[in-house]
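Student: Line order of the protein sequences matches chains A and B. To convert, note that position 256 of the first sequence is 256 in our numbering; the numbers rise steadily by one, no gaps. To convert, note that position 158 of the second sequence is 1158 in our numbering; the numbers rise steadily by one, no gaps.
There could be a bad hint or two in this list.
Distance condition first, Cα-Cα at most 30 Å in a straight line; then the derived DSS-like pairs of lysine-lysine [what the hints assert, rightly or not]:
{"id": "1", "chain 1": "A", "residue 1": "93", "chain 2": "B", "residue 2": "1253"}
{"id": "2", "chain 1": "B", "residue 1": "1256", "chain 2": "A", "residue 2": "87"}
{"id": "3", "chain 1": "B", "residue 1": "1256", "chain 2": "A", "residue 2": "104"}
{"id": "4", "chain 1": "B", "residue 1": "1253", "chain 2": "A", "residue 2": "82"}
{"id": "5", "chain 1": "B", "residue 1": "1256", "chain 2": "A", "residue 2": "93"}
{"id": "6", "chain 1": "A", "residue 1": "93", "chain 2": "B", "residue 2": "1237"}
{"id": "7", "chain 1": "A", "residue 1": "239", "chain 2": "B", "residue 2": "1237"}
{"id": "8", "chain 1": "A", "residue 1": "87", "chain 2": "B", "residue 2": "1298"}
{"id": "9", "chain 1": "A", "residue 1": "237", "chain 2": "B", "residue 2": "1237"}
{"id": "10", "chain 1": "B", "residue 1": "1253", "chain 2": "A", "residue 2": "104"}
Rather than coming from a laboratory, the hints here were simulated on the basis of the structure.
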Amino acid sequence: MGWFSRKKKQEQPPAVAKEDVWVVCPGCKAHVYREEWEKNLKTCDRCSFHERLTSAERVAMLLDPKSYTELNPRLTFSDPLKFVDAKGSYADKAAETSAKTGLKEAVITGIGRLSGRKIVLAVMDFRFMGGSLASGTGEKIRLAAEAALHYRYPFVMVAASGGARMHEGIVSLMQMPKTCAAIARLRDARLPYISVMTDPTTGGVSASFAMVGDVHIAEPRALIGFAGRRVIEETIKQKLPEDFQTAEYLLAHGFVDMIVPRPKLRDTLHQILAYRRT
Amino acid sequence: MNLDFETDVTEIDAQLLELRAVADPDSSTKSRIAEFEKQRDAKLKALYADLTPWQTVQVARHPERPMLRDFIAGLTTEFIELHGDRLFGDDQGIIGGFATLKNQQRFMILGHQKGKNFDDNLRCNFGMARPEGYRKAMRLMKLAEKYALPVVSFIDTPGAFPGADAEERGQAEAIARNMMDMAVLKTPIVVIITGEGGSGGAIGIGVGDVILMLQYAVYSVISPEGCASILWRDGSKAAEAANALKITAPSLKQLKVIDEIIPEPPGGAHRDYPAIMLTVGNALAKTLKNLTGISTGKLVSRRYDKFAAMGRAR
């Protein structure tokens, strides 16, 4: 047996894998104890990097333990166009995503207690086709708003979405007026509607229910905007500044009320909702 | 200007041009002209009876297609243009004002304005409105509500302007707010898609009680080119994307996104302005008449139900 074909000495896996102890912050590359990372709700207290959360993680961080009841858990995507693209059918793709993530749609909605106060909560999940807005998403959000109206609870939205889902075409676009119409009903009924914009909140979601809150809260450095950076750069033939369409940029231009680090989000929502007298 | 897929018509047009140039046509020339005209009309009719979605996009974007100022000239006896959003400026991508139909019906007209030549297009930014355009539209709609005037919104845009200044002034917020306020506006709203219904830029003034659409207009969540470059990773696959996206009037009627298709003359609205003005004028008059007398409460709740039903869960 030649020297070159000699088998490499098997590396012994350490008793405790590195990943179990440390997290490398994607923002500043610092090593952070996983325990600390989790305690800070997957944010870095050195560079304020905020990792994207799943909808279940978001519910767990915002609502009191065991207080959450999901609304319309079976409501899922539909395929009104029978859409097929170069890579195959939308129905297959969505079913695959659903199987992989255990999600039925790009949003989960439910009723629970935030620091003791009953609220209706909607949380988008970027893992389901980029958190895209389509018929199932829009309908769940509308029904959640209707539930808030029915029980007279505040409605808290946590957006995370690339925009409208192309695969449902015009039906996706129609979810923008649909959700906005539902939010208008909350306004007429003087019920609080708070929008939390997380990374990313763009396209048809930024241009609908996410941007019509009574109060707009953004997570640090979240990407928030209507058109994509590349499209804008191609249109104006200029490079855009680094901070363009960040939460900080929106705050400076008057489109969000505050930037709240994730560990303070629940308390901030609680404080704001305490001002409701309706 | 004929489109690429109209080559047969273009050939006949060339022959017609030659024949018509004859200084003193004899009877045989005259009859040949008549014959060619007949052929040409038959060709157009056959061609337009079976347009593909991508061909329909070409027609919807035709530079000679009637645009809002053409409709204002062709449909109204009076137009008092109103300017500005009272916040920032006076966008020319969306224009509007008080208008009176030929049947004396008064209403608030507004919509996207595209240009027919380069200078026009520079002024109105190819019909791509900025936030101040959407905010001007909402100011006009609130005024219509105050005066109990119905609103007629004309849609013809490639999309809301994707520019740095538009983002800075809150393009997303302007569109979102318009949809929310239109949903509960206490006066009838008629929407008519006349050319390109480009995504958020269209729906930003597109919430209404009745949605009309010209036969060869299109309405889509994304341009076929944009969709092709993302999902096909090839912008030249726009024809395929146009098929898949179901953006033509008959498909949208089936999906219950629009209520009524307004027929166009053979060969498209751009070939016969008087004909399209007559049809659109009649459709508007009828639709406005049907909407009068409905209480605003009922109107608003019906509007909510209409959009709630779009893409309702199985």
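Student: Quick one: which hint numbers does this structure break? Sort them smallest to largest.
Tutor: 8
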